[in-house]
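Based on the provided sequences and hints, a complete structural model is requested.
Sequence lines, in order, name chains A and B.
Each residue of the first sequence is one higher than the one before, counting from 0 in numbering that gives the first Met the number 0.
Each residue of the second sequence is one higher than the one before, counting from 0 in numbering that gives the first Met the number 0.
Keep in mind that the hints are not guaranteed to be accurate.
Unchecked claim - In silico BS3-like cross-links for lysine-lysine, where the CA-CA straight-line distance does not exceed 25 Å:
# : chain 1 : residue 1 : chain 2 : residue 2
1 : B       : Lys123    : A       : Lys315
2 : B       : Lys223    : A       : Lys244
3 : A       : Lys183    : B       : Lys86
4 : B       : Lys116    : A       : Lys219
5 : A       : Lys183    : B       : Lys241
6 : A       : Lys183    : A       : Lys244
7 : B       : Lys223    : A       : Lys183
8 : B       : Lys241    : B       : Lys14
9 : B       : Lys128    : B       : Lys116
Stated by the list, open to error - Quick list of simulated restraints, FRET-style, between CB atoms:
#  : chain 1 : residue 1 : chain 2 : residue 2 : range
10 : A       : Gly293    : B       : Gln78     : 33 to 39 Å
11 : B       : Gly104    : A       : Tyr85     : 48 to 54 Å
12 : A       : Pro239    : B       : His229    : 20 to 26 Å
13 : A       : Arg142    : B       : Thr218    : 37 to 43 Å
14 : B       : Ala114    : A       : Val82     : 47 to 53 Å
15 : B       : Thr218    : A       : Pro239    : 27 to 33 Å
Hints were generated in silico from the structure; no laboratory data involved.
The model shown is predicted, which means the values in this text are computed figures rather than measured ones.
From the three backbone atoms N, C-alpha and C, an ideal C-beta is built for every residue, glycine too.
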Amino acid sequence: MDRNNNYQSPTVDYRLPAVVVENVHKSYGSVQALRGVSFEVERGEIFGIIGPDGAGKTSLFRIMATLILAQEGICTVDEFDVVKDYKQVRKRIGYMPGRFSLYQDMSVEENLTFFSAVFGTTIRENYHLIGDIYRQLEPFKNRRAGNLSGGMKQKLALCCALIHKPSVLFLDEPTTGVDPVSRKEFWEMLKRLQKQDITVIVSTPYMDEANLCDRIALIKSGRFMTIDTPYNIINSFDTPLWSAKSDRMFRLLGDLRQYTAVDNCYVSSEFHHFTVRENDFDPKTLAVQLMEKGHENIRIEQIEPTIEDCYMHLAKN
Amino acid sequence: MSEDIVIYTKNLTKKFGSFTAVDNINFEVHRGEIFGFLGANGAGKTTAMRMLCGLSKPTSGEGYVAGFDIRKQPEKIKQSIGYMSQKFSLYEDLKVWENIRLYAGIYGMKDHHIAEKTEDLLEKLHFTKERNTLVASLPLGWKQKLAFSVSIFHEPKIVFLDEPTGGVDPATRRQFWEMIYEAADRGITIFVTTHYMDEAEYCNRVSIMVDGRIDALDTPHNLKEQFNAHSMDQVFRRLARKAERKE
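Listed below in structure tokens is the structure:
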């Protein structure tokens, strides 16, 4: 393979969806990891997959990345079938698995050179894609990848996934264990990649990141519960939501749950959030009861839901 | 020192060669308190925590944990604390009950006491059916709940939690935090690091480390007032942006 002259980024039809998944099923023995998942991701979209551990997120990523086979269903990337045309698909995608999977005993620079060579390109050719991130790594370019801190490993993994200018980028929990400032930088970079028409499919346990996606899918037990924009998901929250606070927050949680009108109740930052069973729920009656139980500085208010509340609501039903 | 203070540090410092990982930190943690220990990756949290757990000797300064000197009595400290981290807590190739048995044994609990408490724990976690499951095959959230329960199984005075909920989904994180609240209610002091800023709000007090120093320490409410911010996320970003050193 001629490494320097022969490489071209894959051409794509911008009118067609970047990724199509249709009725995908995956089981491991008796465990059903995916039970008929279908969705399409538009070109240049940032598409988030949100759900608990064991919901099937990683299986889905591995199927789309041609690493495992589904038992049923179809999946295409840029119109190429992940089974039949797996070689074409592999050229077009970048994949960053949840577990660090670079060569720990090679240096930062060696890892990146290796991944460029595998895809028949060079670091220089696509430096514009990774420059923002790689500049932070350059002072450590001779350090072994295994000796990098968690945040640095993530950055290197992203560089390696991007170095061949993929058309679709799969990121399986890229920011887990990363601090809020670095996470913000990471997302700013995803937004810049999006401007270069790179499609991003990303999973995350952080609900503030879910908000930054164009559309999100909420997945539970191998099924998508909903697929929509964060805005529409929040708007479809169909029941009044309340918040409560007192000077004894742990006891308040138990006391709220014992109150018959209170339905789903959970902690949320400095408040507890809850939905109610009755339409004529009266916060004053609740406040009086709480006072009788020894709570002080009680505050009960009706609030607008966030994407996290939608998740809690869907996860319960 | 009063009975109520379970962690105390004075000018606690750790250097690696010319690099000052922890730079003169001073703070106290009270009994039954949930103390959030925040900072960016590389700010020095893990190094500080290792000194407090008796795993690493300070270069200078003092520290007392559960009434013991971190320089002179590290073994006493290890017996009085519990510890769990996101990265390692349980043995994956041991069964659920074997992990409980192993840790309880290490902390010197009596056999009959272990047997009795194991039943209670499995029931409380709804894990009775998983007794003989290898830990490797448990979902992450379950693993973390079990790891936390194991870390306080011997009823330590303090438990150190290093990013216990990393990667855990919102619903399971909340169940985890309810377990933390309950332990604190029983008088166990909680010392916890996290990258989730909503979890910072669940703490009684929070410290934020920047470049090895503690740059802020107060209740979440007061920190928000002090930094004129409406969330802990904003407070954190304002402070962390000042950081000069990179990971």
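We went through each hint and held it up to the structure:
no.: 1; hint: B:Lys123 to A:Lys315; verdict: holds (20 Å)
no.: 2; hint: B:Lys223 to A:Lys244; verdict: holds (17 Å)
no.: 3; hint: A:Lys183 to B:Lys86; verdict: holds (23 Å)
no.: 4; hint: B:Lys116 to A:Lys219; verdict: violated (33 Å)
no.: 5; hint: A:Lys183 to B:Lys241; verdict: holds (15 Å)
no.: 6; hint: A:Lys183 to A:Lys244; verdict: violated (29 Å)
no.: 7; hint: B:Lys223 to A:Lys183; verdict: holds (20 Å)
no.: 8; hint: B:Lys241 to B:Lys14; verdict: holds (21 Å)
no.: 9; hint: B:Lys128 to B:Lys116; verdict: holds (16 Å)
no.: 10; hint: A:Gly293 to B:Gln78: 33 to 39 Å; verdict: holds (37 Å)
no.: 11; hint: B:Gly104 to A:Tyr85: 48 to 54 Å; verdict: holds (50 Å)
no.: 12; hint: A:Pro239 to B:His229: 20 to 26 Å; verdict: holds (23 Å)
no.: 13; hint: A:Arg142 to B:Thr218: 37 to 43 Å; verdict: holds (40 Å)
no.: 14; hint: B:Ala114 to A:Val82: 47 to 53 Å; verdict: holds (52 Å)
no.: 15; hint: B:Thr218 to A:Pro239: 27 to 33 Å; verdict: holds (30 Å)
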